[in-house]
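In order, the protein sequence lines correspond to chains A and B.
For the record, in the first sequence the residue sitting at position 35 is 35 according to UniProt numbering, with numbers rising by one throughout.
For the record, in the second sequence the residue sitting at position 122 is 122 according to UniProt numbering, with numbers rising by one throughout.
The reader is advised that the hints may include incorrect statements.
When chains are identical, the list treats them as one kind, so a pair holds in a single copy or across two.
Unchecked claim - Below are the DMTMM-like pairs computed for lysine to aspartate or glutamate, each with C-alpha atoms no more than 25 Å apart in a straight line:
no.: 1; residue 1: 115; residue 2: 205
no.: 2; residue 1: 115; residue 2: 208
no.: 3; residue 1: 115; residue 2: 199
no.: 4; residue 1: 91; residue 2: 24
no.: 5; residue 1: 115; residue 2: 207
no.: 6; residue 1: 91; residue 2: 174
no.: 7; residue 1: 115; residue 2: 12
no.: 8; residue 1: 93; residue 2: 17
no.: 9; residue 1: 115; residue 2: 135
no.: 10; residue 1: 93; residue 2: 207
I should point out that these hints are in silico values taken from the structure, not numbers from a laboratory.
Please read these numbers as outputs of a predicted model, since none were measured by experiment.
Protein chains: 2
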Amino acid sequence: MTQTHDSLTDFEAQFADHLELSPEAQDLLFRAARTANAFTDEPVSEEQVRAIYDLVKWAPTSMNNQPLRIVLVRSPEARGRLVEQMSGNNKAKTSTAPLVAVLAADTDFHDELGKVFPHFEGARDLFAGNDEMREGSALLNATLQVAYFILGVRAAGLAAGPMTGFDAAGVDREFFPDGAHRTIAVVNIGRPAEGAWMDRLPRLDYDEVVTAV
Amino acid sequence: MTQTHDSLTDFEAQFADHLELSPEAQDLLFRAARTANAFTDEPVSEEQVRAIYDLVKWAPTSMNNQPLRIVLVRSPEARGRLVEQMSGNNKAKTSTAPLVAVLAADTDFHDELGKVFPHFEGARDLFAGNDEMREGSALLNATLQVAYFILGVRAAGLAAGPMTGFDAAGVDREFFPDGAHRTIAVVNIGRPAEGAWMDRLPRLDYDEVVTAV
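Using the sequences and the accompanying hints, generate a full structural model.
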């Protein structure tokens, strides 16, 4: 199927024709979407976040373990506590975004395995007996889910501003006092304001990333 | 904008209307797509992998650092070496998939920062002086890119079978003898065969994952 790709060079377009995803969806999720550093005042509703979650929850994790947990920082008091933990420039962005989400791995995800992976009875115990494996699996899979979530924000027509520059132990302490969660990213969400981003940065070429053996 | 979502309940559909992504694209990437355990013989071409990479390369990483490296296991000799390192049931799946990709984090990603993040001159040295931070950033960001890649495979109309059950040190040794890479996932890729998957497993509800403060 030949499609039109106005934003692509001829060289790129010959490969894009191998995609089944429509050019509009390619642009919405990948090619035109950008990490936003500034947002309009338009609020992000509960319904929008539900729509995002109900889409991205279907993407795969190991043993369907789904360790991602999301805290929506809605109150000014909680926003203040979060901003305190952010690094440098991230403080200002986190102060002004319409919605800020803290994305963390729940290292007690194994308590849900009986429900989400019911055909393997010993799954919970396997992880209960090995803290290192449990934490590793929580971090790996919740990080996959952070990526799915970022693309889900874009699927809702919003811009995401994911950040890893913060005091992780501080965010864990403030937002997950049970000690069983590890914060992976903080994501600003909203409609991008004018001048929300700089020029696009270069990406590595295929031949710098992909080899065949 | 009201859209039709044949595969959704009325409860889900009211939220899906908040998505800008078309229902067809939602299905292709998330709702109808499944982790495949069996594939047809149809080969996966170089052009298809290029199309996938040229799409997903645009998704965000911290400081645009792009640590993901991909090895396409094309030769029978290399396939044999990989299968040797896979666990249990993954051996058979990895033996028969049309294409298998090893996805790893390059812990020397900082050598590219001068090119991919040129406006911050000290970026390379910041990471060169801190092995722990460098390895952490490589793993976190390459894992995000693994998730983008899985969705990219689906965007090409193919099915992915991502696996984390393998001897990671063994795969690193066999495929990255420089000692600077950490394998994150092995992904089988192809057209799903009949009976490629079991019934869909349950996902956690919104209220089990998302809280607001």
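Hints, one by one, checked against the model:
Taking CA atoms no more than 25 Å apart as the test, residue 115 paired with residue 205 passes between copies only; the shortest distance there is 12 Å, against 42 Å inside one copy. Taking the shortest Cα distances, residue 115 and residue 208 sit within 25 Å of each other only across copies (12 Å), while inside one copy they are farther apart (42 Å). In this assembly of identical chains, residue 115 and residue 199 lie within 25 Å of each other by CA distance solely across copies; the values are 14 Å between and 46 Å within a copy. Within a single copy, residue 91 and residue 24 get their C-alpha atoms no closer than 33 Å, and across copies no closer than 38 Å, so neither meets the 25 Å cut-off.
Taking identical chains as interchangeable, the C-alpha atoms of residue 115 and residue 207 lie at most 25 Å apart only when they sit on different chains, with a minimum of 15 Å there against 43 Å within one chain. Taking identical chains as interchangeable, the C-alpha atoms of residue 91 and residue 174 lie at most 25 Å apart only when both belong to the same chain, with a minimum of 16 Å there against 44 Å between chains. For a Cα distance limit of 25 Å, the shortest separation of residue 115 from residue 12 across copies, 21 Å, qualifies, whereas the shortest one inside one copy, 44 Å, does not. Proximity of residue 93 and residue 17 under a CA criterion of 25 Å is satisfied in neither setting, with 38 Å inside one chain copy and 28 Å between copies.
Only within a single protomer do residue 115 and residue 135 lie at most 25 Å apart by alpha-carbon distance; the minimum there is 20 Å, versus 34 Å between protomers. Taking the closest pair of Cα atoms, residue 93 and residue 207 never come within 25 Å of each other, the shortest separation being 35 Å inside a single copy and 27 Å across copies.
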